[in-house]
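Visitor: Each chain, written out:
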Amino acid sequence: MLFNSIIFLIFFSVFFFLFYYLNGTNRKILLFIGSCLFYMWFIPVYVLILFLTILIDYYAAKKIEDDHSQKAKKAHLLFGIVNTCLVLFIFKYHNFFIDNFNALGIQHLANWNIILPIGLSFHTFQSLSYVIEVYRGNIKAERNLLTYANFVMMFPQLVAGPIERANNLLPQLKNCDHAITYKDFSVGLHRFFWGLFKKVMVADILSIYVDATYNNYQLHSGSTLLVGTLLFAIQIYCDFSGYSDMAIGIARMLGFKFKENFKIPYFSKDITEFWRRWHISLSTWLRDYLYISFGGSRSGKWRTYRNLLFTMVLGGFWHGASWNFIIWGGINGFYLSLEKATGLSKYKPVSFISKGIRILYVFILISFSWIFFRAVTFKQAIEIIKKIGFDFHAGSFQFLDINVFSSIVFGILLMLGFEYFVFRNYTFDQLYERKHGDRILAAFTIIFIFLIIFFGNSNGSQFIYFQF
Amino acid sequence: MKKILLKIFVLLLVLLIMDRLFTYFFTKEIFYKTMAGESGGSVNYLIQKKQHVSFLILGSSRAKHHIDPALLSNVYNGDGYNAGINGTGGLIYNSLLLKLLIEKKRIPKLVILQVDAYPYFTMKDDNVNAEISPLYPFIDESPALSNYFKEQTGYAEKIKMWLHAYRFNGKLLNIVYNYARRNSVTNNNGFEGLAGQIDTTGSFVPVDTGKTFHFSEIKMKALQDIAQTCKLNGIRLLLLLPPSYKNIILLKPGNDAILSLLHSNDVYDIFNFSDVGTIPALESNLYWRDQTHLNKEGAAIFSVVFNDSLKSLHLN
Chain R
1 MLFNSIIFLI FFSVFFFLFY YLNGTNRKIL LFIGSCLFYM WFIPVYVLIL
51 FLTILIDYYA AKKIEDDHSQ KAKKAHLLFG IVNTCLVLFI FKYHNFFIDN
101 FNALGIQHLA NWNIILPIGL SFHTFQSLSY VIEVYRGNIK AERNLLTYAN
151 FVMMFPQLVA GPIERANNLL PQLKNCDHAI TYKDFSVGLH RFFWGLFKKV
201 MVADILSIYV DATYNNYQLH SGSTLLVGTL LFAIQIYCDF SGYSDMAIGI
251 ARMLGFKFKE NFKIPYFSKD ITEFWRRWHI SLSTWLRDYL YISFGGSRSG
301 KWRTYRNLLF TMVLGGFWHG ASWNFIIWGG INGFYLSLEK ATGLSKYKPV
351 SFISKGIRIL YVFILISFSW IFFRAVTFKQ AIEIIKKIGF DFHAGSFQFL
401 DINVFSSIVF GILLMLGFEY FVFRNYTFDQ LYERKHGDRI LAAFTIIFIF
451 LIIFFGNSNG SQFIYFQF
Chain H
1001 MKKILLKIFV LLLVLLIMDR LFTYFFTKEI FYKTMAGESG GSVNYLIQKK
1051 QHVSFLILGS SRAKHHIDPA LLSNVYNGDG YNAGINGTGG LIYNSLLLKL
1101 LIEKKRIPKL VILQVDAYPY FTMKDDNVNA EISPLYPFID ESPALSNYFK
1151 EQTGYAEKIK MWLHAYRFNG KLLNIVYNYA RRNSVTNNNG FEGLAGQIDT
1201 TGSFVPVDTG KTFHFSEIKM KALQDIAQTC KLNGIRLLLL LPPSYKNIIL
1251 LKPGNDAILS LLHSNDVYDI FNFSDVGTIP ALESNLYWRD QTHLNKEGAA
1301 IFSVVFNDSL KSLHLN
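Going down the list, the protein sequences come from chains R and H. Quick note: the first sequence uses my numbering, first residue 1, plus one each step. Quick note: the second sequence uses my numbering, first residue 1001, plus one each step.
Any given hint could be a false lead.
Reference excerpt, derived from the structure (chain H facing chain R, CB under 7 angstroms, subset only) [said to hold, decoys possible]:
1) K1003
2) A1165
3) L1173
In silico SDA-like cross-links for lysine to any residue, where the CA-CA straight-line distance does not exceed 25 angstroms [stated by the list, open to error]:
4) R:K435 / H:F1009
5) H:K1003 / R:Y182
6) R:K387 / H:G1196
Read the hints as simulated data drawn from the structure, not as lab findings. Where a beta carbon is used, it is the ideal one built from N, C-alpha and C, also for glycine.
All chains, full assembly: derive it from the sequences and hints.
Guide: This is the structure we're talking about:
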C-alpha cells in the first residue's frame, strides 16, 4: 500500500478510529494486523519472510540475555546476524554474486527469478540493530513477541524507514496504552501532508523529466543530462524525505514519536554535514555498527580514511545489489575522507556568499555521485558523465515538455521556500506551540492539498526507496 | 476525539468551500477565456469560435504536428481544425471529444482520424484516466463524458473528483499562460509545426513485428465508437496513417487489424502512408524532428501530398 494512494487514506481512516478506541493488547493486535495488511498489499506471501526474520532475532536476543557465558552470547549474536543477513542475501544479493561469478568465468550458474521483498533492507537493519544492542547490554530483550513483531513491522516505517532504534520505539510499543492527544493528531496530520506535497507535487513531477532524460540518454545532450542529474538530486530528496515526513506524521497521529530522518541536507556546507542531515537513521546506523566496529577514527588517520571508505561502500551496497551503488558509496566515502584530510569541515563559512558557495559545492559533488545511483548500468553512468563533460552545449538544452518543466520550477521554488523560511527555523511542534500555530499549520495543509490537486502527479507512483 | 473530528470536519468544509468557489470563478473567468493549448483551450476555441468547422482532424501529436488544415485545399477549401493532442491523444480521448462537440452542436462534415497501430498494440495498461483527463474541465457539460467517467474509471479517480479543482490537475500553469496570451491568438487552426531536426547519431531500431502483440480492447472499442458516432451523425470518416522515420513504428499486422475493423464499420476512406517509402521526399532526415514527428518543413510536404490524394474525393 502506498501512502500516496486513496486506498491508504481509506485504510488509515478506519485504522485510526479503531486504534484510538482500543487499549493495551487489543491495540497491539490491531497494529500487528494493520501492518500485515499494509505489507501484504504488495506480495502477500512475502509477509512470511518478515515473520521469519522476526522469529530469528526475537529468539537470538532472548538467548543472548538469558545465557551467562560471553561465548554463548556471542554465538547467539552471530546466529541472529548470520541468519538475518542470509535472508537479505538470498533475496537481494544472490543474483548479483551469480552475475559476477559468471562474468569472471568462475562458475556458470543461473539467476533466481525472484522479486525483492519491499523494504527488506530496512527491516533487516532494524532487526540487526536490536540484536546488537541487546548483546551490548544497552537494552533489554523484548519478551513479548507481539511487541517485538510490532517494533519490526509497524506499518508507517515498515517499507522505507526511518530505521527506528529499539531504545526509542520499543518502550513506546510496550504498553500501547498512551492517549492520542489532539496535538499529536494535528502535528502528525500536517506533517503527513507536507510529505505528500514533496512526493506528489515535486518528486513525481521531477521524475517525468528525469526519466525522460535518463531512459533515453543517448538522445540527449550534455546540458539536458546535467539538468536531469541536478533535478534527480532534488527528486530523490523530495521522494525519500517526503516518505519519511509521511511516516513520521502517520506515527505521530497514532501517538508515536519517530526520530527525524532528514534535516534539510542540501543546505549543508560540507559533505560531512550533509551525511549528518541525510537519511539520518541509516547514517547513524552505519556509524554505530560499521564505522565504529571497524575502529572509527581511533587508529590513525589512514585507518580512519579506510574505515570511512569501507563504511560508505557497504552503505552503498545496502542500497542495491549493483556495482553502481557500490561506486556511489565509494565516491561518498572518498569525499568524506578527503574532507577529513583537508579539515574542510572545521572551517565554517561566515559570510552569506561563502555559505552559498559551500552549499553549491556540496550540491554539485553530491549530484555527481547521484549519477551512479540513478543510472541503471555502469556503462550508462559513464556515458552520461562523458556527455556532460565533453558534449556540453548550452544551446542544445531541451525543456522537453514546457508545461512539465514550468511545474517543476514552480514546485521546487515552493518547496525550497517552505524549507528555507519555515521548516529551517521551526519544527512542526514548535509551529504548533506558536500563537495560532494550529491554524497556521491548517492553512499550510490546505495550501499543500490544493497544490497537490492542481500540480501533483495523480498516478500514485512508487517511492524510489521501496526497491531497497 | 471530538476535537479531532471537529478539526477534520472544519478542514474538509474549508477545502470544499474553497474548492467550489475557486473552481467556479476559475472556470468562468479564466478557463473559458483560453482559446489555445492542450488543457482545454483548443476545445474552448472549437466550441466558442469555430461554430461552422467543415472538417476536424483528430489524433495524437502525429496529427497535431503533421497536418496543416490550411494546406488541405481539396477538402472544403481548407476550412478545418486540427484537434490533435500531444501525449495522451489516443482513441478514447478522440471518441469523447467528438461526442462533446456533437453535444455542443458543433458537427463537422468530415473527420480525419489519424491512427497508429503500434501504441494500441503495445499499451498493456489501459490508462483511461490519463487519456480522458484533458477533457475533465468539460465533465459537467457532456453526458457522454461523465457517463464514460462513471463507467470506466476506478474508485480512486472518482474520490479525487469530489474536489472539482482536480479537473484542472496538471493544467493550471498552461491555462494561466494561455489566458495571459488570449488576445494574441489569431488565425488558429490547431496545427503546430515543430522546429528542429533529428539527431541521426542515435540508433534506430524498428518495433519488432515478429512479436505477438495484443490489441487494447478498450481502445479498439473507442475506434469503433468513433466510426459509429460519425455514421449516426452523417459525418464522413477518413482514416490517415502517417509515416515514421525509417519506418520505426510501422507495424503492418496492427495496421491490417485496424483497417479490417474499420471496413466492418463501413469506413473505406483510408490513406495509408505508414510506410515512409510512399513519400520518398520524407525519407530524408532533413524533414524529421524526431523518430515519430516531422518538423514543420516535413509537415508541409506531408500535408501537400495528403491534400493531393484527397482530390479524388471531390470534397470542395
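Visitor: None of the hints should be skipped; say for each whether it holds.
Guide: Hints, verified against the model:
For K1003 (chain H), the interface hint holds, the least distance from its beta-carbon to any beta-carbon of chain R being 5 angstroms, beneath 7 angstroms. A cut of 7 angstroms between beta carbons decides the hint on A1165 (chain H): the least distance to chain R is about 5 angstroms, and the hint holds. Given the 7 angstroms rule on beta carbons, the hint for L1173 (chain H) holds: about 5 angstroms separates it from the nearest Cβ of chain R. As the CA atoms of K435 (chain R) and F1009 (chain H) are separated by approximately 22 angstroms, the hinted pair is consistent with the 25 angstroms bound.
For the hint linking K1003 (chain H) to Y182 (chain R), the alpha-carbon distance of about 7 angstroms falls within 25 angstroms, and the restraint holds. Distance restraint check for K387 (chain R) and G1196 (chain H): the Cα-Cα separation of roughly 20 angstroms lies within the 25 angstroms cut-off, and the hinted pair is therefore satisfied.
Of the numbered hints given earlier, the model fails none.
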